[in-house]
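Position 40 (the sequence shown) corresponds to 40 in the numbering used here; numbering is contiguous.
Treat the hints with care, since some could be wrong.
[To be verified] Keeping only pairs whose Cα atoms sit at most 30 Å apart, straight-line, the calculated BS3-like set for lysine-lysine is:
no. : residue 1 : residue 2
1   : K78       : K61
2   : K91       : K61
3   : K59       : K91
Since the hints were made in silico from the structure, they are not lab data.
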Amino acid sequence: LKKKANYQEDNNSSSPKKSTNIKKNNPEVEEVVDLLDANNEDPFTLETLESLISLHWEKEKDFLLSRVTTVDPNNEEKFYRSYYAAHHINKVLFRTQPSEGLLHRMRAKN
Numbered sequence: 001l002k003k004k005a006n007y008q009e010d011n012n013s014s015s016p017k018k019s020t021n022i023k024k025n026n027p028e029v030e031e032v033v034d035l036l037d038a039n040n041e042d043p044f045t046l047e048t049l050e051s052l053i054s055l056h057w058e059k060e061k062d063f064l065l066s067r068v069t070t071v072d073p074n075n076e077e078k079f080y081r082s083y084y085a086a087h088h089i090n091k092v093l094f095r096t097q098p099s100e101g102l103l104h105r106m107r108a109k110n
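Take these sequences, add in the hints, and give me the full structure.
Here you go:
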């Protein structure tokens with residue numbers, strides 16, 4: 001996973017700490033945000049991340065990965081990170097009424 005800024009998150013802190021090893025004033029530098037095992041499965045499709053990325057690559061499409069942070073209900077200092085293909089998590093979070101031209105944000109818990 002790459003992003004323009006490098007953040008290292010502390011599970012005991014609600015704010016990310018910016019890494020000090022960033023090359024300053026260079027917009028071309030992409031920094032690692034997190035490392036994932038490409039053999040992990042997307043919970044919606046049950047496909048590995050590697051196969052989803054390959055499928056998008058073959059179709060010359062970008063693959064967007066969403067990271068969802070959930071607070072532990074018993075300990076507000078503890079966070080859980082989950083990763084999803086963005087297309088699928090957006091289907092859960094949003095609903096449309098095409099005939100009305102409307103997009104609704106749905107309430108989602110966990």
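Verification of the hints:
Note on K78 and K61: the hinted pairing is violated, with a Cα-Cα distance of about 35 Å set against a maximum of 30 Å. For the hint pairing K91 with K61, the CA-to-CA distance comes to about 19 Å; that is within 30 Å, so the pair holds. A threshold of 30 Å between alpha carbons decides the hint, and for K59 with K91 the separation of about 21 Å falls inside it, so the pair holds.
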